[in-house]
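Model the placement of chain B on the given structure of chain A, informed by the hints.
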Amino acid sequence: MNSNTKSLKKDIVVVGGGPAGMAAGLRGAEEGAEVMIVERDIELGGILNQCIHNGFGVEIYGEELTGPEYAERFTSQIGESTVDVRLNTFVLSMQPDKSMTLLTPNGLLEVEAEAVVLATGARERSRGEIRIPGGRPSGVMPAGTAQELINKKGFLPGKRVFVLGSGDIGLIISRRLTWEGAEVVGVAEIMDYPTGLNRNVVQCLHDYDIPLHLSHTVTDIYGSDRLKGIKLSRVDDGMQPVEGTGKDIDVDLLLLSVGLVPENDFFKETGVTLSEKTRGPIVDEWFQTDVPGIFGCGNSVHIEDLVDWVTMDGFRAGDGAVAYAGNDSLPNPEKEVIAGENINYVVPQKVSGEDPFRFALRVEEPMENVDISIKGTDISFFQRIVTPGEMEVEEVSKDDLAKIKELEEFEFEVKGRN
Amino acid sequence: MSDRYDVIIVGAGIIGTGIARELSRYKLDVGVLEKKPDVGWGTTKANSGIIHAGYDAKPGTVKSSFSAPGNKMYEKWTEVLSVPFKRLGSFVSTEDESQLGKLEKLLEQGEENGVEGLEIITDRRKIEELEPNITKGVEAVLYAPTAGVVAPYKLSIALYENARANGVDFQFNSPVNDITKTSEADGFEFYVEAGGSRYEGDYVINAAGIYSGKIADMVGDDSFSIFPARGEYYLLDSEIEEYVRRINFPLPTEESKGILVTPAAEGSIIFGPNHQPLDKPSVATTQTGLDQVLNGAMKLFPDIDTSKIRTNFAGLRAKAGSDDFVIGESGAARNFINVAGIQSPGLTAAPAISKHVIGILEESGLELSEDPGFDPKREPIPKFAEMDTEEIVSYTDKYEAAKDIVCRCEEVTRAEIEEAIDRGATTLDGIKFRTRSRMGSCQGGFCTPRLIEILADKLGISPKEVTKKGDNSYLLAEETKKGE
Numbered sequence: 179m180n181s182n183t184k185s186l187k188k189d190i191v192v193v194g195g196g197p198a199g200m201a202a203g204l205r206g207a208e209e210g211a212e213v214m215i216v217e218r219d220i221e222l223g224g225i226l227n228q229c230i231h232n233g234f235g236v237e238i239y240g241e242e243l244t245g246p247e248y249a250e251r252f253t254s255q256i257g258e259s260t261v262d263v264r265l266n267t268f269v270l271s272m273q274p275d276k277s278m279t280l281l282t283p284n285g286l287l288e289v290e291a292e293a294v295v296l297a298t299g300a301r302e303r304s305r306g307e308i309r310i311p312g313g314r315p316s317g318v319m320p321a322g323t324a325q326e327l328i329n330k331k332g333f334l335p336g337k338r339v340f341v342l343g344s345g346d347i348g349l350i351i352s353r354r355l356t357w358e359g360a361e362v363v364g365v366a367e368i369m370d371y372p373t374g375l376n377r378n379v380v381q382c383l384h385d386y387d388i389p390l391h392l393s394h395t396v397t398d399i400y401g402s403d404r405l406k407g408i409k410l411s412r413v414d415d416g417m418q419p420v421e422g423t424g425k426d427i428d429v430d431l432l433l434l435s436v437g438l439v440p441e442n443d444f445f446k447e448t449g450v451t452l453s454e455k456t457r458g459p460i461v462d463e464w465f466q467t468d469v470p471g472i473f474g475c476g477n478s479v480h481i482e483d484l485v486d487w488v489t490m491d492g493f494r495a496g497d498g499a500v501a502y503a504g505n506d507s508l509p510n511p512e513k514e515v516i517a518g519e520n521i522n523y524v525v526p527q528k529v530s531g532e533d534p535f536r537f538a539l540r541v542e543e544p545m546e547n548v549d550i551s552i553k554g555t556d557i558s559f560f561q562r563i564v565t566p567g568e569m570e571v572e573e574v575s576k577d578d579l580a581k582i583k584e585l586e587e588f589e590f591e592v593k594g595r596n
Numbered sequence: 199m200s201d202r203y204d205v206i207i208v209g210a211g212i213i214g215t216g217i218a219r220e221l222s223r224y225k226l227d228v229g230v231l232e233k234k235p236d237v238g239w240g241t242t243k244a245n246s247g248i249i250h251a252g253y254d255a256k257p258g259t260v261k262s263s264f265s266a267p268g269n270k271m272y273e274k275w276t277e278v279l280s281v282p283f284k285r286l287g288s289f290v291s292t293e294d295e296s297q298l299g300k301l302e303k304l305l306e307q308g309e310e311n312g313v314e315g316l317e318i319i320t321d322r323r324k325i326e327e328l329e330p331n332i333t334k335g336v337e338a339v340l341y342a343p344t345a346g347v348v349a350p351y352k353l354s355i356a357l358y359e360n361a362r363a364n365g366v367d368f369q370f371n372s373p374v375n376d377i378t379k380t381s382e383a384d385g386f387e388f389y390v391e392a393g394g395s396r397y398e399g400d401y402v403i404n405a406a407g408i409y410s411g412k413i414a415d416m417v418g419d420d421s422f423s424i425f426p427a428r429g430e431y432y433l434l435d436s437e438i439e440e441y442v443r444r445i446n447f448p449l450p451t452e453e454s455k456g457i458l459v460t461p462a463a464e465g466s467i468i469f470g471p472n473h474q475p476l477d478k479p480s481v482a483t484t485q486t487g488l489d490q491v492l493n494g495a496m497k498l499f500p501d502i503d504t505s506k507i508r509t510n511f512a513g514l515r516a517k518a519g520s521d522d523f524v525i526g527e528s529g530a531a532r533n534f535i536n537v538a539g540i541q542s543p544g545l546t547a548a549p550a551i552s553k554h555v556i557g558i559l560e561e562s563g564l565e566l567s568e569d570p571g572f573d574p575k576r577e578p579i580p581k582f583a584e585m586d587t588e589e590i591v592s593y594t595d596k597y598e599a600a601k602d603i604v605c606r607c608e609e610v611t612r613a614e615i616e617e618a619i620d621r622g623a624t625t626l627d628g629i630k631f632r633t634r635s636r637m638g639s640c641q642g643g644f645c646t647p648r649l650i651e652i653l654a655d656k657l658g659i660s661p662k663e664v665t666k667k668g669d670n671s672y673l674l675a676e677e678t679k680k681g682e
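Residue numbers (the numbering used here), protein chains in the order written: chain A, 179 to 596; chain B, 199 to 682.
Quick caveat, the hints were computed from the structure, so don't treat them as lab data. Don't take each hint at face value.
Said to hold, decoys possible - Simulated pairs of lysine to any residue, SDA-like, Cα-Cα distance not exceeding 25 Å:
| hint | chain 1 | residue 1 | chain 2 | residue 2 |
| --- | --- | --- | --- | --- |
| 1 | A | LYS184 | B | GLU589 |
| 2 | B | LYS679 | A | TYR386 |
| 3 | A | LYS184 | B | GLU584 |
| 4 | B | LYS596 | A | ASP403 |
| 5 | A | LYS446 | B | ASP503 |
| 6 | B | LYS596 | A | LYS337 |
| 7 | B | LYS656 | A | LEU585 |
| 8 | A | LYS446 | B | LYS581 |
| 9 | B | LYS679 | A | GLU361 |
| 10 | A | LYS337 | B | GLU651 |
| 11 | A | LYS409 | A | ARG377 |
| 12 | A | LYS184 | B | LYS662 |
| 13 | B | LYS478 | A | GLY313 |
| 14 | A | LYS446 | B | TYR441 |
| 15 | B | LYS679 | A | LYS184 |
| 16 | A | LYS330 | B | LEU657 |
| 17 | B | LYS679 | A | GLU288 |
| 18 | B | LYS506 | A | ASP398 |
| 19 | A | LYS184 | B | ILE502 |
| 20 | A | LYS331 | B | LYS679 |
| 21 | B | LYS662 | A | GLY407 |
| 22 | A | LYS184 | B | MET585 |
| 23 | B | LYS662 | A | ASN227 |
| 24 | A | LYS187 | B | VAL591 |
| 25 | B | LYS656 | A | THR282 |
Okay, chain A solo, but in the shape it has when bound (with noise of 0.2 Å):
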């Protein structure tokens, strides 16, 4: 090592300082350990600071904050505990040992970690990735850069606008853009539901008269320079565009709002098994991976609705971390956990089956009254509608798992009452 390089020794480096990492952090700090947050930012809040709508915090605090006072709650508690948080500063490497190289204001520092919480986040999807053809002109950009250029440095990128996706960013980003007096000429899903939430469709596109086209997406974009507009076209069952139904609408900015990408460099570069589904990394119900001591919360282990299912699973991820810096041994997570019928994936993917856990997933196709059950028990959870935009969180009891700890694999499914 360089002499120049200082080094550190954690009880737990949380790197990223988002409502999962904050979470983390906390926890561990309350619960005496020695914790780091290395936040790449100049603040804490993660993408909170640039989400000033409301509607953050009805599960966990039953009042509805914006991002920017929910991250204050953690910001102002982490700024009394004994979290050492690192701003302005970028994990360089990350090795299976938990140690790492982390560049900071002041230079290098190599840091050895009894435990790591990866709490990186996301990204959203880019244009390239969905392959739409056509020209490469300015004012195509995805949703949530859209959201930091207007709500954080102040400006607004176009003023007649069309938005790809009907994920939650899109939805908020059209009455955003709507306030301040651009024109969202629509909003197009090549799906034939809404993948964001339904409050978000009604108070972000109906309460402003914003049309919704199902089953379309937009299939070429004009310009060289500027965006000067985009073909919008229905697609069939198979998410194929239909010839003959373009349809050319001028605008100068298209949005992208079609899906976020568990942020899982760290999570590779380090070993650990990935899922294919969620693209962030196989955890138990502490949300620890296959390598010994990594853990991952909050939208770097899937992508989640609400940041109060964030925050919880930050908790979560703190107290797994704890308990593995302070060897106190996890529960072996040995059963696996499967995605049956309807049921796109399921968080975590394994579990000891000794600790009540929480669930969460994502169904595959939209269903009326509907149990979530494991197979070939007598657990199961009612809901009225469950649809792929809707992240479904369970818990299972103590008491329930009493009743199938003989089984060797959970497998949950979805199915009609009728």
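Same frame as chain A, now just chain B:
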């Protein structure tokens, strides 16, 4: 007063910058007029980046006389200019043994063109050793070990920086709209009007790529026309760059070398191009075209993970009617030199063409006297992402801005971005081609707002004046009502 140059070069692509840099060895006043705000933004930036071995061109063509010699010059050229270049070797593959004759013909052609090391391989084991993931059906390949890959945009930037450091003037945002032959009494040959200014020159070199036909027209030269042909590409994530080891071609057709699959010089994998003749230049991609590209690539690598596709793009070939390079003094105007129709293998040929054009100028009377101050070397922008610990320590000690990572995907620091701006980038794309910011997995989602701020700050302009690529490609329409 207008600027007076010994030589005016129209176009700052790989040919224009290559010739400019070659001319900067001599005591000459050289001016380059470029319509875009940066170098290499025409055909140069969007092609496969292949340095061909040189077996494709029919012996006797102008193309054939420059390809193999150009290829041989690449190590030296890229080393002194610090541009990534890898001699990976190329494959032309066939799944049909009866096509072996075609490979043999290419091999003979190559040998006639002076290509070294060509070999036909039919031993499956050997094929797989060289290219493990190629389709199982391949029966025979023509292996050309001298073929390589380069980042063409980086090369034109390096040539530009080195030419400029050696005294060449570059005028950007200066589309040439008229060229006038002067009368004898003026003491020079041409007036060139561009971007609202008038330049005087003794020689004009037409290296205007797609627009070289139009430029030649301005001096009454209608001996050739340019027919643009679009080629579309997919670019994959660098995560799987090791899946493909060499430059892979199918059997060539009459009009093109076919859809290839190759590693790119800066990591990642490229599929493409297809071949679509156009009436009007356009670099928009099309669904049909991209489907052709994907199908073509899948024939060579059927199991490649197409979920790793990161983006698509298109470029234009500047094809002359003769389908050959048009290089030489115009028959219509003395001292007007065409370097036109430079389609593939133009990138390969570029160093040889640049040298050759100096010869043409000398023959037609330009006095060349070597400039003892010429420095052939150009240093690259330091690359934080490739530094070891010790290098990081010294880089961050030297530049405070090196501790500030702006592009998280490619780990590009503010120090690199500011240096790119100091070296001539004036747009987001200019920064991208110099530093790779916005080329990573988020494609600029995270760093674009900061890049806008840094550009505005360094250039002393409003964020609203920052553009993606010049002209009307602004990024911010107006301030918000509350504007923080």
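Now the hints, each set against the structure:
Straight-line distance between C-alpha atoms of A:LYS184 and B:GLU589 comes to about 16 Å, which keeps the hinted pair within the 25 Å bound. Of the supplied pair hints, the one linking B:LYS679 and A:TYR386 holds, its CA atoms being roughly 19 Å apart against a limit of 25 Å. In summary, the hint linking A:LYS184 to B:GLU584 is supported, as the alpha carbons are separated by about 21 Å, within the 25 Å threshold. Between B:LYS596 and A:ASP403 the CA atoms are separated by roughly 38 Å; this puts the pair beyond 25 Å, and the hint is violated.
Our distance criterion of 25 Å between C-alpha atoms is met by A:LYS446 and B:ASP503, whose separation comes to about 17 Å. Restraint check for B:LYS596 and A:LYS337: the C-alpha separation of about 43 Å exceeds 25 Å, so the hint is violated. Between B:LYS656 and A:LEU585 the alpha-carbon distance is near 64 Å, which puts this suggested pair outside the 25 Å criterion. Restraint check for A:LYS446 and B:LYS581: the C-alpha separation of about 23 Å stays at or below 25 Å, so the hint holds.
Using a Cα cut-off of 25 Å, the hinted pair B:LYS679 and A:GLU361 holds, with the two alpha carbons roughly 15 Å apart. A hinted pair counts as satisfied when its Cα atoms are at most 25 Å apart, and A:LYS337 with B:GLU651 qualifies at roughly 21 Å. Restraint check: the Cα-Cα separation between A:LYS409 and A:ARG377 comes to about 28 Å, which exceeds 25 Å; the hinted pair is violated. Proximity of A:LYS184 to B:LYS662 is assessed by CA-CA distance (about 42 Å); at most 25 Å being required, the pair is judged violated.
Annotation: proposed proximity of B:LYS478 to A:GLY313 holds, straight-line Cα distance about 14 Å (limit 25 Å). Between the alpha carbons of A:LYS446 and B:TYR441 the distance comes to roughly 17 Å, so the proposed pair stays at or under 25 Å and holds. Restraint check: the Cα-Cα separation between B:LYS679 and A:LYS184 comes to about 46 Å, which exceeds 25 Å; the hinted pair is violated. With a C-alpha separation of about 22 Å, the suggested pair A:LYS330 and B:LEU657 falls inside the 25 Å cut-off, and the hint holds.
For the hint pairing B:LYS679 with A:GLU288, the CA-to-CA distance comes to about 45 Å; that exceeds 25 Å, so the pair is violated. Taking the CA atoms of B:LYS506 and A:ASP398, the gap is near 21 Å; set against the 25 Å cutoff, the hint holds. Note on A:LYS184 and B:ILE502: the hinted pairing is violated, with a Cα-Cα distance of about 43 Å set against a maximum of 25 Å. Distance check on the hinted pair: A:LYS331 and B:LYS679 sit about 12 Å apart at the alpha-carbon level, within 25 Å; holds.
For the hint linking B:LYS662 to A:GLY407, the alpha-carbon distance of about 21 Å falls within 25 Å, and the restraint holds. Between the alpha carbons of A:LYS184 and B:MET585 the distance comes to roughly 18 Å, so the proposed pair stays at or under 25 Å and holds. Between the alpha carbons of B:LYS662 and A:ASN227 the distance comes to roughly 23 Å, so the proposed pair stays at or under 25 Å and holds. For the suggested pair A:LYS187 and B:VAL591, the alpha carbons sit about 21 Å apart, so the restraint of at most 25 Å is met.
A hinted pair counts as satisfied when its Cα atoms are at most 25 Å apart, and B:LYS656 with A:THR282 qualifies at roughly 24 Å.
The structure fails to meet hints 4, 6, 7, 11, 12, 15, 17 and 19 from the earlier list, while all remaining hints are met.
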